[in-house]
Amino acid sequence: MIVVYGIKNCDSVKKARTWLEARQIAYRFHDYRIDGLDAALLQGFVDALGVDAVLNQRSTSWRQLDDAQKSDLTPDKAMQLMLAVPTLIKRPILDNGQQLIVGFNPDQYPTES
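Going by full-length UniProt numbering, the letters in the sequence shown line up with residues 1 to 113, in that order.
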């Protein structure tokens with residue numbers, strides 16, 4: 001089953017969910033705030049996509065961090081920041097069982113369940 005990871009009030013997540021529902025494509029939504037985010041799940045994202053693809057350095061959450069948190073960024077430090085502040089993760093992340101897709105990109109989304 002397809003899993004869409006994100007937070008429910010994110011516009012990109014809303015677009016992705018609406019797109020899937022309009023095509024009657026079954027999926028499960030995993031909300032970081034409700035369902036949680038653990039290190040193993042985040043590590044899986046980073047292993048498959050790379051930390052730069054997962055960490056959203058353009059987000060409001062990133063801009064709200066202090067300079068010490070943003071400086072000397074290593075993959076481990078980025079992981080700790082994303083675990084502490086899940087809104088730093090680019091959204092949505094769609095897992096179709098074969099690959100992870102970051103962001104809402106209908107050209108890469110499945111066309112059927």
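Simulated from the structure, these hints should not be mistaken for laboratory data. Beta carbons: idealized from backbone N, C-alpha and C, even for Gly. There may be inaccurate statements among the hints.
Pair by pair, the computed Cβ-Cβ distance ranges are [said to hold, decoys possible]: (1) VAL85 x GLU112: 24 to 30 Å; (2) MET1 x GLN69: 34 to 40 Å; (3) ASP38 x GLY97: 32 to 38 Å; (4) GLU112 x ILE34: 38 to 44 Å; (5) ILE25 x GLN80: 30 to 36 Å; (6) VAL3 x LYS70: 25 to 31 Å; (7) ASP38 x PRO110: 34 to 40 Å.
A quick look at each hint next to the structure:
The hinted range of 24 to 30 Å is not satisfied by VAL85 and GLU112, whose Cβ atoms lie roughly 35 Å apart. Hint check: MET1 to GLN69, Cβ distance near 36 Å, so the stated range 34 to 40 Å holds. The hinted window of 32 to 38 Å between ASP38 and GLY97 is violated, with their beta carbons roughly 20 Å apart. The hinted range of 38 to 44 Å is not satisfied by GLU112 and ILE34, whose Cβ atoms lie roughly 27 Å apart.
Evaluation of the 30 to 36 Å hint for ILE25 and GLN80 yields a pass: the beta carbon distance comes to about 34 Å. For VAL3 and LYS70, the Cβ-Cβ distance of about 30 Å falls inside the hinted range of 25 to 31 Å, so the restraint holds. Checking the proposed 34 to 40 Å range against ASP38 and PRO110 shows it is violated: the Cβ atoms sit about 25 Å from each other.
The structure does not agree with the numbered hints 1, 3, 4, 7 stated previously, though it agrees with the rest.
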